[in-house]
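J.: Below, each chain spelled out in residue letters.
Protein chains: 2
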Amino acid sequence: MKLSDRILGMQESPVRKLVPVATKAKKRGIKVYHLNIGQPDIETPKCFMEAIEAYDSKVIKYSFSQGEPVLIDAIIDYYKRDGMHYEEDEVLITNGGSEALTFASIATCNPGDEILIPEPFYTNYNGFTSEVNVNLVPITTKAETGFHLPKKEEIVKLINEKTKAILFSNPGNPTGTILTLEEMEMIKEIAIEHDLFIISDEVYRKMAFDGLISHSMAELEGIEDRLILVDSVSKRFSACGARIGAIMSKNKLLMKNILKLCQARLCVATLEQIGAAALYSMPLDYADHIRDIYQKRRDIVYETLMQIPGVVCEKPQGAFYVVAKLPIEDAEDFCLWLLDSYDHEGETVMLAPAQGFYATEGLGKNEVRIAYVLKEEEMQRAMSILKEALLVYKQKS
Amino acid sequence: MKLSDRILGMQESPVRKLVPVATKAKKRGIKVYHLNIGQPDIETPKCFMEAIEAYDSKVIKYSFSQGEPVLIDAIIDYYKRDGMHYEEDEVLITNGGSEALTFASIATCNPGDEILIPEPFYTNYNGFTSEVNVNLVPITTKAETGFHLPKKEEIVKLINEKTKAILFSNPGNPTGTILTLEEMEMIKEIAIEHDLFIISDEVYRKMAFDGLISHSMAELEGIEDRLILVDSVSKRFSACGARIGAIMSKNKLLMKNILKLCQARLCVATLEQIGAAALYSMPLDYADHIRDIYQKRRDIVYETLMQIPGVVCEKPQGAFYVVAKLPIEDAEDFCLWLLDSYDHEGETVMLAPAQGFYATEGLGKNEVRIAYVLKEEEMQRAMSILKEALLVYKQKS
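Each protein sequence line maps, in turn, to chains A and B.
Numbered as in this note's numbering, the first sequence ends at 1243 without a single skipped number.
Numbered as in this note's numbering, the second sequence ends at 1243 without a single skipped number.
The set of hints was computed from the structure by calculation and includes no laboratory data.
Hints may be right or wrong, so weigh each one.
Heads up, the list lumps identical chains together, so a pair's fine if it works in one copy or across two of them.
Said to hold, decoys possible - Below, a list of computed lysine-lysine pairs in the DSBU-like style, where the Cα atoms sit at most 30 angstroms apart:
1) Lys877 / Lys904
2) Lys1096 / Lys848
3) Lys870 / Lys1233
4) Lys1096 / Lys997
5) Lys848 / Lys926
6) Lys848 / Lys1008
7) Lys1142 / Lys904
8) Lys848 / Lys1003
9) Lys1098 / Lys848
10) Lys1008 / Lys1161
11) Lys1034 / Lys1096
12) Lys1102 / Lys863
13) Lys892 / Lys907
14) Lys904 / Lys1221
15) Lys1142 / Lys1008
Produce the complete structure using the sequences and hints provided.
T.: Here's what the structure looks like:
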């Protein structure tokens, strides 16, 4: 009675070992600023709960496997207003972007197949793939170059007959990097030349700072058949707990097959779909409001980081994360120390050590991911604690 | 750019090809009684929506990966009141029973491994397993013997070094059969002797008729380490669209590993968990109320079936299904004919051909599954249409 190799081999959440230490700190009366997770503090638009409360919920019935028609229509209309055209059978509703990514892995890969991915990457991509025996092959990117992609030949040499897709989040979690149009064109070229699917996780789309536009891969022509788009209400509408996402593609055979996965798990929670339809029906410029909030927070984080000698990072362009190289040896040790041995006037910060975002052994050891998901005053305070803590930590060692 | 073999090999929903035919019938003005799906018409208890409306939902945050503490506590308390004892780290909340079953497949099997299952079985079990490259090996059971298990030696000879678990729903979907204590003891013996996990899908538990008790596998001693229980609010509380289920086991290593799967998909929808906590907090005897409703419907179905010459089925003991052998050649043809060529005063019925519930080629060809999920008057009417239709169909052929 042995557990499967695939589950035993799965990585535990890299911030997980910090959680009990943070809990202990709180028990000691320390206030912990959580910069370690992408849980925004911004209120979910009221229309979400209003739609749910207005729904006739006498019998909470199964929804359709493909999703509630009202939500699918709202998504199609949202994309249409944004210049992209999807049809009814090109959108399937999923349990968050997470399920969409698992479905994309199952649909494109058999056990042992490979997906290319720029590292550092969102650690849960490990889970979505390893649980279904797909291997992620990292394309290494670096803090020094703002985590932009390496040259085409660097990427192409990672491709073999097992490579089935290239996956990335844009804007990037954990880096906050936005792909340039040139990078997007290069991905398109590689995918066409090597016959790969493109899995574009665009859950942070619209969160682009300094007037930059974060383009959707769906704007590129000639890859309609190979593009799999992943979307979600979690970040764009600050509704992480709704667990509503979508998988979208113009490859109808693919969608017809992914529908079988949808049918197997019957449907996504009905009420949350009703709420999500209201979110997607809001004016497009709601995204600007959210972006402006994060841009101010980004500024606070970046300015403070630049005041610390030895920190390496480019100004993040989108999402609400930054990966920074700190003037220390071991970021995990530093993050633990912040929680179990340090406080500034009874307060400390919790960060995510970046090592867990890399697949290549040894990379990211002196890097952390900072999620700027707190109000400006709190971000200000949290960052000055971090700055102060680094001084103390370095003196100690 | 080929899709994976595993997704191409997945079965489509067996009732799916009937759906467009039913839609056409409705467009012709025909009323269709849906006896083809397990979607109860019973109202979801009001406490579900009341709890959601009372929840502070300013920010719809991620819930915990293991589930909302209030829901886990409510489930533990529910089982305690029912004589079973589970601890906090022995319960994980899932997206319906569906996700629990996928997680159980991943955790117990590597690609190519096998799970034993009595057939006919709930067709979606095919999905939960084939999407993760697990093979179901059927233990054939028959209408003539009320779909009870064959002798131990019949089961044991299906076991080989790839067999990792035995899976069943009890009470049974699609059969309505309840395992006897002797059958449960036999499963226990087999599992111990051949070192298998036991995956007991108990989402229909408490729905047992005629004073029968549907025991939980958790009541048996000596299998604590190998038992994986699956539960859900869908049927017992008539809340299918909530998509709240649970996976429970006293094997802590197993649960620690399944938690990694939970972490990968972050969490289950927050609001629905709040509602589900209210459902599990209701008095245990709410189940009696539900059971009494289904028992009356079962009586109508069974009495009518017994009036039809040539029908073979035992009186179903639980859940809200029955699989009946009809005096016809091809149940799929009959089900199609009911929708596209027959009506009785403008009304017809939709049934599920049972072939899709068997893994063994050729079995169930003249059987249908009837879900008794409509009000008594409607069930009465639907069953007399079926009775009438069988006469007409036989005369025609």
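J.: Reference check for the pair Lys904 and Lys1221, CA-CA at most 30 angstroms: within, between, both, or neither?
T.: between (39 angstroms within a copy, 15 angstroms between copies)
J.: Using 30 angstroms as the alpha carbon limit, work out where Lys1096 and Lys997 are close: within a copy, between copies, both or neither.
T.: within (29 angstroms within a copy, 51 angstroms between copies)
J.: Which holds for Lys1034 with Lys1096 at a C-alpha limit of 30 angstroms: within a copy, between copies, both or neither?
T.: Within one copy only: 16 angstroms inside a chain, 49 angstroms across chains, cut-off 30 angstroms.
J.: At most 30 angstroms between alpha carbons: which applies to Lys848 and Lys1003, within, between, both or neither?
T.: between (38 angstroms within a copy, 21 angstroms between copies)
J.: Tell me, please, which holds for Lys1142 and Lys1008 at an alpha-carbon limit of 30 angstroms: within, between, both or neither?
T.: neither (43 angstroms within a copy, 57 angstroms between copies)
J.: 30 angstroms Cα cut-off: does Lys1102 pair with Lys863 within a copy, between copies, both or neither?
T.: between (41 angstroms within a copy, 13 angstroms between copies)
J.: First find the shortest C-alpha distance between Lys1142 and Lys904 inside one copy, then the shortest across copies, and answer within, between, both or neither for a cut-off of 30 angstroms.
T.: Classified as between: cross-chain Cα gap 22 angstroms, same-chain 44 angstroms, threshold 30 angstroms.
J.: Can you tell me if Lys848 and Lys926 fall within 30 angstroms by alpha carbon in one copy, between copies, both or neither?
T.: Answer is between; shortest inter-copy Cα gap is 29 angstroms, intra-copy 50 angstroms.
J.: Between copies, within a copy, both or neither: which fits Lys1098 and Lys848 at Cα up to 30 angstroms?
T.: This pair counts as between: shortest inter-copy Cα distance 13 angstroms, intra-copy 40 angstroms.
J.: Checking Lys877 and Lys904: alpha-carbon separation at most 30 angstroms within a copy, between copies, both or neither?
T.: between (43 angstroms within a copy, 22 angstroms between copies)
J.: Classify it for me, Lys848 with Lys1008: is the Cα-Cα distance of at most 30 angstroms met within a copy, between copies, both or neither?
T.: Both: 29 angstroms inside a copy, 12 angstroms across copies.
J.: First find the shortest C-alpha distance between Lys870 and Lys1233 inside one copy, then the shortest across copies, and answer within, between, both or neither for a cut-off of 30 angstroms.
T.: Within one copy only: 23 angstroms inside a chain, 68 angstroms across chains, cut-off 30 angstroms.
Of the numbered hints listed earlier, those contradicted by the structure are 10, 15.
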